[in-house]
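J.: Turn these sequences into a full structure, and let the hints guide you.
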Amino acid sequence: MPDATLSQSAFLTLSGISKRYAGVRALEGVDFACERGKIHAVLGENGAGKSTLIKIIAGVVQPDTGAMRLDGRDVTFATPSAANAAGVVCIFQELSLMPDLSVADNISIASPPRRFGLIDARAQRRRAEELLAAIGCEDVNPLMRVRDLPLSRRQVVEIAKALGKKPQLLILDEATSALTSADVEKVYAMLARLKAEGVAILYISHRMHEVEALADRASVFRNGRHIETFDKGRRSTADIVQLMIGRDIATQYPPKPARGSPKPMLAVDNLSWDKSLDRISLSVGAGEIVGLGGLDGQGQKSLLLALFGVLRGVSGQVTVDGREVRPGSPAAAKSVGIALVPEDRKTEGLMLPMSIADNLVIASLDAISTGPLVDRARETEAIKRGIARLQIKIGAPGDAVATLSGGNQQKVVLAKWLMTDPRIILLNDPTRGIDVGTKQELYRLMRELADQGAAILFYSTDYDELIGCCDRVAIMYDGRIVRELEGDELNETNIIASALNIDGATPDTPGAAHA
Amino acid sequence: MLDDVAIRIRQNIGIVTAVLLFSILYLLYNLAHPKGFSSAVLVQNGDEIFALAMLAMAQTVPVLASGLDLSVGAVMTMVGCFASYLLTGAAGGAALHLDIFGLHLGLGTFPGGVSGILLGIVICLAIGALAGFVNGCVVVYGRIQPIIATLATGAIYIGIALFLRPTPGGKIDEDLNWALTNSLGDFAATVHIFDDGAAQWFAPVAWIPVPFVLLVLIALLVWVPFRRSVIGRAVYAVGSAEGAAYMSGLPIERAKIAAFTLAGFFAGCGGLFLAIQTSSGNADIPQAGAYTLNSIASVVIGGTSLLGGTGSAIGSIFGAMILRVISFFFRIFDIAPLLQPLFEGLILLAAVSIGALGVLRVKNTLELFR
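Going line by line, the protein sequences match chains P and L. For the record, in the first sequence the residue sitting at position 56 is 43 according to this note's numbering, with numbers rising by one throughout. For the record, in the second sequence the residue sitting at position 289 is 497 according to this note's numbering, with numbers rising by one throughout.
Derived by calculation from the structure, the hints in this document are not laboratory data. Please read these numbers as outputs of a predicted model, since none were measured by experiment. Where a beta carbon is used, it is the ideal one built from N, C-alpha and C, also for glycine. Don't take every hint at face value.
[As the list claims (entries may be wrong)] Listed next, with one range per pair, are the computed distances between beta-carbon atoms:
id, chain 1, residue 1, chain 2, residue 2, range
1, L, THR573, P, GLY247, 34 to 42 Å
2, L, ILE364, P, ALA54, 46 to 54 Å
3, P, ARG102, L, ASP212, 16 to 24 Å
4, L, HIS241, P, ILE349, 53 to 61 Å
5, L, HIS241, P, GLU117, 53 to 61 Å
6, P, ALA364, L, ARG462, 54 to 62 Å
[Unchecked claim] Simulated pairs of lysine to aspartate or glutamate, DMTMM-like, Cα-Cα distance not exceeding 25 Å:
id, chain 1, residue 1, chain 2, residue 2
7, L, LYS243, L, GLU256
8, P, LYS25, P, ASP58
9, P, LYS182, P, GLU116
10, P, LYS153, P, GLU172
11, L, LYS571, P, GLU335
12, P, LYS321, L, GLU575
13, L, LYS571, P, ASP135
14, P, LYS262, P, GLU197
15, P, LYS262, P, ASP135
16, L, LYS571, P, ASP265
17, P, LYS288, L, GLU575
18, P, LYS262, L, GLU575
19, L, LYS571, P, ASP256
20, L, LYS571, P, GLU311
21, P, LYS333, L, GLU450
22, L, LYS571, P, ASP331
23, P, LYS426, P, ASP283
24, P, LYS153, L, GLU450
T.: This is how it looks when you write it as structure tokens:
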């Protein structure tokens, strides 16, 4: 719904923008506008279309339909540099820095100061110092390589780099997620200054208190559609949450069994790692499906990787079936009965050019071998069983796994791990990019495995799925578990409220993180 | 400011290590050599080092952009074969002709004398750069991985070299040979400057080998400006994170083509010198292969990461010199030359191991595979 009041003074106007990725709708008929001298927050759940929206504005992807007007002129941006040239600058979540180049090099990468046609290193360094000073981060030495900086400093460099392009429209996509609270204050001050200079600012953040503190206006997106735009103070936090949830076609989930008090199969105590896991304690009983919820990137993936032995320098205690384990590699984790369906099935889950059969047995070769040789008869038998158990739709087992659809590929990953008879199954967003039918099969299978005694830890970005599948859901925020929900408490409002950490609570861990 | 120096040293630790290692090895060599610390020894070493040093520089540029150029040895050989026709220096010029498919085509007379030699040098270097440019275009527009693209083009360049010189032969102007492969004093005497090199002020520098001066000149006049140009910066950026380079609006394709073109130019310099040094053109296939492999070794020893993005051609020069000095040792200590590859291999392994120490600090082991 276009807002007539906006379009007159708008700096950037989008009308009727739609975008599909491989048939999946990302944005549908979006009308949107933002003004100079205003901070405009863009809100929405995971997958609501926010990132597609800013990618279109910043020239990273092109819309299928619709028009974009900037400062009264029709524009199309074929590349990010075309957008930059028009004054549209985006600070992306995934950093756009070159790790081997110095801070000064990175800040001036697009148009370095030159003398006699060559890059003037001294001027470039001064420029870096000025820009870093402008956001109050003089402590970063421009000579340092970006590779050698901690994540929070890299983000500062990214912001300085964007400022150096003299933006007319500045987009911040979760640009403060890795910053320390002291730096966040400095960035706020910088945004206020830019706002006073008449720069239009689009601010994407999952931190509600940030949005409340900063934004003059907010737009809510849901399922690829623009739902509503309102001025600061016109909507309560509860209203906003309700707008973000909306209602959707319900998916069918298998019934949850009555819960007893299962003995813990996996118990995690005080687990910490680097900056992304902060004293996590959690237990998963045999026969239980425990969900990991919260916004993307709050440490859920690191937790799964830590349990699977991928991370080094993990502190805390992990017990499997009452015995303490300390897996140092995925192979070691496998040997104590842990399986992980990883985040990216194309690179970490499967060997795409290899056959379906090879992929299926690759994690359980020991079980079908006699000495060093793979027993062909047992292999064939195992492959047949795996395909039948998950009802994987294939041509021939010898086909490359790359030829399968996403859903069937994911089934192959799961079948591969089931062949190892795992006691603990870790799932990292296994239904992402999978059709509804296959999703339901996976839900049923998860419940079946739990009923057979497996402990399942299930991370998903889809709240609906967490509610439908899980016996309990632990919500993570900033590397901590902020709340565990079960029974009637387990509903969307509670999940989103905890995920956004609206109460700003730092329960059970006094002095944590942003102290 | 002391901080800045420390940062620079830490960031260039590979090059610093290579320089130190070379200095120690070369000092030991001169101490052990009966005629150590003499101009004659320096000149001989300079001649032996130059071509490999140029190929090491050549290899560095594509490696910085995360590519590998397997054709540098072939480009060197091809340019050398061209040089053996164009740099004869014959007073009346040289008649060029092409025998192909049974046809005999006269190509006119290539000028002789000094101007002819200078023109020939320019043409030879241009041929090297052109070969590199072709490599770049195949990689960028053909979307073929550099390693396989240059394997193919390298075979083509060797083919051209064989066509030009089925058997070793040709001729290089003797004065040119003498002037470039000896000391500055000999150079001055040959081209009749500075009172034929006898000028009083000239004496303190007359002992310096010409190849050494050429190396410094090429590094200062070609490499340093390139490193500080926008396109050179883009080469580093592409090797460091191509996606980020794209998102920053850098000319990625131009950077890659430039990297291969510059590689061709450097390889051409090496080929030209080798031809001048040996006074002939020789389409020597094993030699081309050995030079290519040694250029990669030099790059690694010189502190450049094969993953791209970090390192410098200056480091590679020292890498090449280290490889060569090791072989000098075999001569003076009278050790069986058959052991040379073994020791070179050990040195390479040690150098690579130092570079791999960073792996121990990675906290997310999954990152090792990305």
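J.: Now look at each hint and say whether the structure bears it out.
T.: Against the structure, the hints:
In this structure the hint that THR573 of chain L and GLY247 of chain P lie 34 to 42 Å apart at CB holds, the actual value being about 38 Å. Distance hint for ILE364 of chain L and ALA54 of chain P: a CB-CB separation of about 50 Å, consistent with the stated range 46 to 54 Å. Take ARG102 of chain P and ASP212 of chain L: their Cβ atoms lie about 20 Å apart, and the range 16 to 24 Å holds. One distance hint, 53 to 61 Å for the beta-carbon pair HIS241 of chain L and ILE349 of chain P, holds here, with the actual separation near 58 Å.
The hint said 53 to 61 Å for the Cβ distance between HIS241 of chain L and GLU117 of chain P, and at roughly 55 Å that hint holds. Range check, ALA364 of chain P to ARG462 of chain L: Cβ separation about 58 Å, and the 54 to 62 Å hint holds. Among the hinted pairs, LYS243 of chain L with GLU256 of chain L is consistent with the structure: their alpha-carbon atoms are about 17 Å apart, no more than 25 Å. Distance restraint check for LYS25 of chain P and ASP58 of chain P: the Cα-Cα separation of roughly 15 Å lies within the 25 Å cut-off, and the hinted pair is therefore satisfied.
Note on LYS182 of chain P and GLU116 of chain P: the hinted pairing holds, with a Cα-Cα distance of about 22 Å set against a maximum of 25 Å. With a C-alpha separation of about 21 Å, the suggested pair LYS153 of chain P and GLU172 of chain P falls inside the 25 Å cut-off, and the hint holds. Distance restraint check for LYS571 of chain L and GLU335 of chain P: the Cα-Cα separation of roughly 18 Å lies within the 25 Å cut-off, and the hinted pair is therefore satisfied. A hinted pair counts as satisfied when its Cα atoms are at most 25 Å apart, and LYS321 of chain P with GLU575 of chain L qualifies at roughly 20 Å.
At roughly 14 Å between alpha-carbon atoms, LYS571 of chain L and ASP135 of chain P fall within 25 Å of each other, so this suggested pair holds. In summary, the hint linking LYS262 of chain P to GLU197 of chain P is supported, as the alpha carbons are separated by about 21 Å, within the 25 Å threshold. Only pairs whose Cα atoms come within 25 Å are accepted, and LYS262 of chain P paired with ASP135 of chain P is accepted, the gap being roughly 16 Å. Proposed proximity of LYS571 of chain L and ASP265 of chain P is supported: the alpha carbons are some 16 Å apart, at most 25 Å.
A C-alpha spacing of about 14 Å is found between LYS288 of chain P and GLU575 of chain L, which places the hinted pair at or below 25 Å, so the restraint holds. Of the supplied pair hints, the one linking LYS262 of chain P and GLU575 of chain L holds, its CA atoms being roughly 16 Å apart against a limit of 25 Å. For a cut-off of 25 Å, the pair hint linking LYS571 of chain L to ASP256 of chain P stands: about 20 Å separates their Cα positions. Between LYS571 of chain L and GLU311 of chain P the alpha-carbon distance is near 22 Å, which keeps this suggested pair within the 25 Å criterion.
Distance restraint check for LYS333 of chain P and GLU450 of chain L: the Cα-Cα separation of roughly 20 Å lies within the 25 Å cut-off, and the hinted pair is therefore satisfied. In summary, the hint linking LYS571 of chain L to ASP331 of chain P is supported, as the alpha carbons are separated by about 19 Å, within the 25 Å threshold. Taking the CA atoms of LYS426 of chain P and ASP283 of chain P, the gap is near 20 Å; set against the 25 Å cutoff, the hint holds. A distance of roughly 24 Å separates the Cα atoms of LYS153 of chain P and GLU450 of chain L; the hinted pair therefore holds under the 25 Å criterion.
Hint compliance for this structure: no hint is broken.
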